[in-house]
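Asks: Listed below are the residues making up each chain.
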Amino acid sequence: FRYENQATYSGKAVYNCIRLEPDGSTRPTTMRRRDLMRMTNIAPRDLRRIDPTLTLTRTSPCLTAREDVLLVNLGGVRLVVSEDHALLFEPTTGPSVRFLESITQRLAQLRRLERLPAYARGDLTVPVPFELEVVEAALIMGTARLDNKLLRVAERTDVLVRKITGPSGIANPITAEMLEELRRVKIQLVQLESRAEAIKAAILEVLDEDEDARELLVSKTVEDRKRKEAAAAAMIEALRNTPVDAPAGVVLSPNLEITVTAEEGEEETEQERLDRMEGETEMCEELLEYYLQRFETVHSESERLLDSMRDLEESISVSLASRRLAVNQLELRLSIATFAVAIGALVTGAFGMNLRSTLEMSVSWFYGTCCLIVLGCFLINRLLLSWTQKMKILS
Amino acid sequence: FRYENQATYSGKAVYNCIRLEPDGSTRPTTMRRRDLMRMTNIAPRDLRRIDPTLTLTRTSPCLTAREDVLLVNLGGVRLVVSEDHALLFEPTTGPSVRFLESITQRLAQLRRLERLPAYARGDLTVPVPFELEVVEAALIMGTARLDNKLLRVAERTDVLVRKITGPSGIANPITAEMLEELRRVKIQLVQLESRAEAIKAAILEVLDEDEDARELLVSKTVEDRKRKEAAAAAMIEALRNTPVDAPAGVVLSPNLEITVTAEEGEEETEQERLDRMEGETEMCEELLEYYLQRFETVHSESERLLDSMRDLEESISVSLASRRLAVNQLELRLSIATFAVAIGALVTGAFGMNLRSTLEMSVSWFYGTCCLIVLGCFLINRLLLSWTQKMKILS
Amino acid sequence: FRYENQATYSGKAVYNCIRLEPDGSTRPTTMRRRDLMRMTNIAPRDLRRIDPTLTLTRTSPCLTAREDVLLVNLGGVRLVVSEDHALLFEPTTGPSVRFLESITQRLAQLRRLERLPAYARGDLTVPVPFELEVVEAALIMGTARLDNKLLRVAERTDVLVRKITGPSGIANPITAEMLEELRRVKIQLVQLESRAEAIKAAILEVLDEDEDARELLVSKTVEDRKRKEAAAAAMIEALRNTPVDAPAGVVLSPNLEITVTAEEGEEETEQERLDRMEGETEMCEELLEYYLQRFETVHSESERLLDSMRDLEESISVSLASRRLAVNQLELRLSIATFAVAIGALVTGAFGMNLRSTLEMSVSWFYGTCCLIVLGCFLINRLLLSWTQKMKILS
Amino acid sequence: FRYENQATYSGKAVYNCIRLEPDGSTRPTTMRRRDLMRMTNIAPRDLRRIDPTLTLTRTSPCLTAREDVLLVNLGGVRLVVSEDHALLFEPTTGPSVRFLESITQRLAQLRRLERLPAYARGDLTVPVPFELEVVEAALIMGTARLDNKLLRVAERTDVLVRKITGPSGIANPITAEMLEELRRVKIQLVQLESRAEAIKAAILEVLDEDEDARELLVSKTVEDRKRKEAAAAAMIEALRNTPVDAPAGVVLSPNLEITVTAEEGEEETEQERLDRMEGETEMCEELLEYYLQRFETVHSESERLLDSMRDLEESISVSLASRRLAVNQLELRLSIATFAVAIGALVTGAFGMNLRSTLEMSVSWFYGTCCLIVLGCFLINRLLLSWTQKMKILS
Amino acid sequence: FRYENQATYSGKAVYNCIRLEPDGSTRPTTMRRRDLMRMTNIAPRDLRRIDPTLTLTRTSPCLTAREDVLLVNLGGVRLVVSEDHALLFEPTTGPSVRFLESITQRLAQLRRLERLPAYARGDLTVPVPFELEVVEAALIMGTARLDNKLLRVAERTDVLVRKITGPSGIANPITAEMLEELRRVKIQLVQLESRAEAIKAAILEVLDEDEDARELLVSKTVEDRKRKEAAAAAMIEALRNTPVDAPAGVVLSPNLEITVTAEEGEEETEQERLDRMEGETEMCEELLEYYLQRFETVHSESERLLDSMRDLEESISVSLASRRLAVNQLELRLSIATFAVAIGALVTGAFGMNLRSTLEMSVSWFYGTCCLIVLGCFLINRLLLSWTQKMKILS
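In order, the protein sequences belong to chains A, Y, R, X and W. So the mapping is simple: our numbering equals the position in the first sequence, first residue as 1, plus 1351. So the mapping is simple: our numbering equals the position in the second sequence, first residue as 1, plus 1351. So the mapping is simple: our numbering equals the position in the third sequence, first residue as 1, plus 1351. So the mapping is simple: our numbering equals the position in the fourth sequence, first residue as 1, plus 1351. So the mapping is simple: our numbering equals the position in the fifth sequence, first residue as 1, plus 1351.
Treat the hints with caution; some may be incorrect.
As the list claims (entries may be wrong) - Keeping only pairs whose Cα atoms sit at most 20 angstroms apart, straight-line, the calculated PhoX-like set for lysine-lysine is:
(1) X/Lys1551 - R/Lys1551
(2) A/Lys1551 - Y/Lys1551
(3) W/Lys1743 - A/Lys1514
(4) Y/Lys1743 - R/Lys1514
(5) W/Lys1500 - W/Lys1551
(6) W/Lys1551 - X/Lys1743
(7) X/Lys1551 - X/Lys1500
(8) Y/Lys1514 - A/Lys1743
(9) A/Lys1500 - A/Lys1551
(10) R/Lys1743 - X/Lys1514
(11) W/Lys1551 - A/Lys1551
(12) Y/Lys1500 - Y/Lys1551
(13) R/Lys1551 - Y/Lys1551
(14) W/Lys1500 - X/Lys1551
(15) R/Lys1571 - R/Lys1500
Note that these hints are calculated values from the structure, not bench results.
So that you can see chain A by itself, here it is in the shape it has in the complex:
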């Protein structure tokens, strides 16, 4: 029991990463944990969210914006994204390789498109910032993985359902294999559901808080910060120079200080700035909302399948119970018949005793007894059956 791993804590851990540039070029690199934290200015705690050496990160997807970087852990891809580069951890795993392939293609394509004249670009005229491209590629990885899993499990479900349910209901011998497959499908669906849930939660966390969605645009955040610092400085300067009798009410709220400093030469008014920010927020929100809906679809679909599997199991259970009752009822009939026969056998046994009944030589007794035994058996059987039917035990 210590503050996590000591090596990790002291910052001496070393990560093998791939550094991805906005132009799509990649370069392997090695980073010490300490350097990474100093460079990205994030708390040790935050780094743990995407640290590939911790098992925590296997189950907790993450999409977190900090001052200057985005921490991304989606679909098996772990990234630290800043405005001008992205670091991909564990670059040799399957998802990372596929991610790299698709993002580099995509970025290269974007660069080619930018070089084309406007009329030939088609539908891709809006310049999407680098960090958002990376996040979208990671989100696509995530959806693709879950979609694939869902597809495969849905197929298995389909096959299973077709096997278990024939045209006239639940298959008659429910084999152990069917039940085992049912159990495995259920486990997979529970996993799928909880993963989709976790990713949804991570995306919702960004969407819920008011201005967070725009925080994904770390390049804009950095710009804003610089602009704000400059403006604040200017305002303070202005305040110091204002004569004391100026109406104090001027500074209505900190967001309006720009109007004071807005000068003729500036290229962007407050109104334009707000419009631009709103547009950026909307861009982020639309992106996240789309993928949120995708994960939502995976989640609700796997939930539906899981529900239907549980219902199927319940149906199997009731069907088995109903069959068991039928078997038991038939056994009961046989027990009744066997009981009647046993009574008959008792009579024959009695006459088979080596004791003197004085009837030994009577032929009529022999045939009479035989007939009586047969009749008796039928009668006992009949009486018992009708009694059970009256008692509604047999139908």
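With chain A held as given, fit chains Y, R, X and W onto it using these hints.
Replies: Only chains Y, R, X and W this time, still in chain A's reference frame:
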């Protein structure tokens, strides 16, 4: 594993649509994906929400407002609606055909009504914008489909319940057919529930966000944008011309700039504009709320039916268990009786052995033994039964 | 598949109503759908919420405020309430008759009380508007119906529980009648729960939105609208007359325009108006909250009963399983004993064969064999029993 | 079906109460319903929340603030609390007696402490208003009752679990008594849970709404109202006297009117007043939050116990099923063996027929047949067993 | 039934604590309850949240900020933290010892780091306040405990699942030990889930309310309060000195009073103060959010495991039912065969009767009968089997 389908991605996919005009006239048209995106100014991501070539759209209903268009995917109808026309995808499917029929009738009727003098119009005097008419028609399609499904499944449920439950409880032989029908009804109800849920979510997404409901009125949004641009331009102009010593506090919030530019000649004051916008928002909200309630009703009704089906299954299960117990108890009685008879048979068997018991010639032993066997059987039976009754195993 | 019923759509449908005046007098009346909509100024969609000819209204309670009227569908009573009268649909159904009886009594009593001197009025001095009286009467109808149902079903539950559970646990023969009653009680409780839920949702919809609760007071809404229109007109007039250099910031928000137009002669200041509105909102909220709590109580009580019924069913199920095990264990004991006896019978049978064993005349063999058979039976029985006890199959 | 009880409605009902003064003295008193309503100025509807003659109040706890009084129905204690006295209904029930005892002790102790010099008072220096003392005492009653119930049911649960689960799993004979106790414990836990839930809801209703928590301090509310009325009067006066050209924007919001009327002589500024109100709100909130957490603990604990009881029941069910399977499997083995023996018996029976087989005198046939029968029995048994084992029916 | 324990109530209870200083030094100390309350200025009610003598604190984690102190009860550690020291209750329990060890190490390390030159400090340059260090250490204790528990239970689950489910489905003899282990794992998971839930609730309570997160920084709160008191005093002074004709609108809201009192000599402007506060709030929120996510992970993971255990139990149940059906079906086959044999035995018995059939000397009758019996047995068996197969009772 690629960014979706390559053909789709490059914008070369082609859609067969029907173009619907506000006057109710329709015209088949063919559109390239690229042209559609350029025309409607929506992101590729958004188009995927209603793209009929993707399986995603089968399960995810959609009602999304973007700058200039509405993306509608409700009740099997996929539409892109803008202020002056609507594009209907996959126009040959059943729902699309029925949708077209009803919307064209409706629009034609509206045109006729507009031509009538006011006193004859009846209750349809409020002019509803074209896009809202289309959305309502799609919503009606959606409710009608789910209502029909619910109706049919409710009928099946009714028949089934009447079959399974007689006047004296659960039907005695629960046949495999009943259980199979129960299973199928449950599957249908789960589907119905999840569809109603999905549509509810799509409508709620529009209703929840504050000003979204009004966004459905794309014609108004376009108008507003133009008006706003003009006003912003005017204000900037005004600001530039204001002398520097004017109180900066004047511009309290961007929404009030109109008061500055409000001039005598303008036909609409700020107050009137707000009232009108509020009215429009209310119109959209009332429409959506009504259909939301309809889907809510379908949802809660199918949930109730599903619950009652699950309760019925549980009741069947308990009823089967209770019957099985009765069968088992009767079998136990028979086992006891058979055991007693077997003891008797053992005695007769013993006397039937070809060994010398020296009693061979005793008639009294014969009859005595017979009586004893019968008595013994009854006694053993009685003793065992009363013991089981004391042990509360039999009643 | 059409826009609902054509007759309904074209506004030619005719409703038989009873018109209720604020003084408690009633008068049967017939209304065409078109006239009703023109008179009350509501959309066709809204009318469908309370239209008695639609099955939708059976399951969806409604309490909706529109411009000038309240649409009420609670406890089997369908009403359109405006400031000076109420229209009751389907006046001949049981709930409508009881509703009419109680509301007319109540209104008459209020009129009598108003005529009394103040000291004699007792606790009813606050003048409650007519529309609120009607809504409360409908809410009382709703609570009374559900309370009655809950009461009856709780009694049935009580009787059933007492029947099923004796002093020493679950009754021994669980009869099919008990299970059937259990099933029926569960169905009733599910219905009760979903109805209380639906009414709760309808009330909450009014309470949740901020200023909606006061919207119930349609008479006040009408008053307000007139006042507001007058004020708006006055303000616009004032603005037009203001010299251009007046500080534009004066008009801080549309709600404050009254202060500008407040003149000495007016009998109500802004502050008084706000206080009065707050009081009215509170009056509506307190009314709704009380009935909300009543329905909440019904809901949670029926939920609790339903839970306890499901728990009871589960208990019955486990109890049956436990008894079945006891029966099976006893059958096993009997099977063991029967098996032992069968072995003995086999031996006797062997000696009964008409084959020569050379022991035919030995008396000692006869008695020896008999003893050995009996001993053998006991031994086999004992060995098998102790083995099963060691295997923990029998106790 | 009437508006509740007629006697109650007409206000003629009479309550026996105990009147509790802030100094801890009590005095029995009798009140007519009408007088109570006139005195406390609450609606008939609100009185019903705590009216001891209605069964509704058994299940619906209540903590409601009205203008001048608090309506309290917690832990079996029904109170109307105003700033200077409290009325306790049904003073002879157990909870009421215990409540009176503790509250009078507490109030007396507080009076004693107040008379002590400051250094000796210890930790009770903050003067808590009378109404809050009463509410806290009622809340303590509520927690104490539920805590006690939880404690007792937890003990029963503990004993039961120890009885049902031995060191090697579920006890072997699950007796009906265990199951009955399990059922009863579950019922108690469901009740406990729903009561804690109801009280939580009542407290949350006060805490959720923004300024409600402070409303508990009815003495402060009364003070405020008087102060506000005075201020409003003053402001109106001031407005009337202001010259028309004063900037209308002065009256920014109704809450700030005090600044206008704040005069030198006043002992409390606006800032101080806000701070004091905030402190009072905090005092109420902290009190309610603490008890909310207590009820929350009871709720979650009883939920946990209920869950564990349900899990236990499920475990018992599976355990019974598993045992039944073992019993059935053993029965199957016996059936196989019995079948083999029956075949043997058939052979002996055949040779026992009084028909001529010409082998009657062969000794070797006798012993041969006997051996063959025994061998045959073993063989049949063995073959059937190994077949069932191959079919995985027996292990 | 009293106000809790009398000793506790009167403030005479004594606690053994360890006092922890910001420099990491510790010192055992003894505190009377009364002194503790006077020193920390908290209500008796709040102290009960962490009072180690109450059982309540076992199950209710707590993280509550009061005026000057933090009340912490997390992971088995109970603390009162103020700006310059922390009191640890029950310092000898396991968690307390481990907590002390890690926090003292951590604080000492921080002191060492502070003495290092800046370039050597690595990633720990932000000065974290003492109280936050303590809270984080307690949170780490909590996560470590739950993580460990989860790890252990997950391992047990793994072993169990591997034991219960072989390659071909559920293990054939489900032993009582497996079921018992399953039951115990479920109990542990329920506990784990409810604990994680409780801690999550405690953290969320701090995060939900708007400015609460910053309240954790009690040192800052104390600073703020002093600053505010000074500012308020200054403002009141300023107001008193303002001439009456100053625009009253100046004082827009109590939060802006600083602008009035902001003088040249002040080192921090309003803007800087807001920025600093925002940064502090963010520091607290990021810390809490990280641990919230950790507990969330534990919670959802244990929920997933619990779900999978319940699914496994359900699978076992269905598997047992399916096996029982197979056993029953085989028993039925045997019953049929035994019945056929019994019929045969009856025939042999009949011929074994010591009655005269006149066929005694016919050898052909002997062999004929034998053949007929065998054939008859086979026939009866076959007919019954095919009938049951036609009835779908056997497959």
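Asks: Against this structure, judge whether each hint is valid.
Replies: Right, here's what the structure says about each hint:
1. With a CA separation close to 19 angstroms, the supplied pair X/Lys1551 and R/Lys1551 stays within the 20 angstroms bound.
2. About 19 angstroms separates the Cα atoms of A/Lys1551 and Y/Lys1551, which keeps this hinted pair within 20 angstroms; it holds.
3. Note on W/Lys1743 and A/Lys1514: the hinted pairing holds, with a Cα-Cα distance of about 18 angstroms set against a maximum of 20 angstroms.
4. Between Y/Lys1743 and R/Lys1514 the CA atoms are separated by roughly 18 angstroms; this keeps the pair inside 20 angstroms, and the hint holds.
5. With a C-alpha separation of about 17 angstroms, the suggested pairing of W/Lys1500 with W/Lys1551 holds against the 20 angstroms cut-off.
6. The straight-line distance between the Cα atoms of W/Lys1551 and X/Lys1743 is roughly 48 angstroms, outside the 20 angstroms bound, and the hint therefore fails.
7. In summary, the hint linking X/Lys1551 to X/Lys1500 is supported, as the alpha carbons are separated by about 17 angstroms, within the 20 angstroms threshold.
8. Restraint check for Y/Lys1514 and A/Lys1743: satisfied, since their Cα atoms lie roughly 18 angstroms apart, inside the 20 angstroms limit.
9. Restraint check: the Cα-Cα separation between A/Lys1500 and A/Lys1551 comes to about 17 angstroms, which is no more than 20 angstroms; the hinted pair holds.
10. The suggested pairing of R/Lys1743 with X/Lys1514 holds, with an alpha-carbon distance near 18 angstroms, which does not exceed 20 angstroms.
11. Restraint check for W/Lys1551 and A/Lys1551: the C-alpha separation of about 19 angstroms stays at or below 20 angstroms, so the hint holds.
12. The hinted pair formed by Y/Lys1500 and Y/Lys1551 meets the criterion: a straight-line CA distance of about 17 angstroms does not exceed 20 angstroms.
13. For a cut-off of 20 angstroms, the pair hint linking R/Lys1551 to Y/Lys1551 stands: about 19 angstroms separates their Cα positions.
14. Pair hint W/Lys1500 plus X/Lys1551 does not hold up; C-alpha atoms about 31 angstroms apart against a cutoff of 20 angstroms.
15. Taken as a hint, the R/Lys1571 and R/Lys1500 pair is broken in the structure, with Cα atoms around 36 angstroms apart against an allowance of 20 angstroms.
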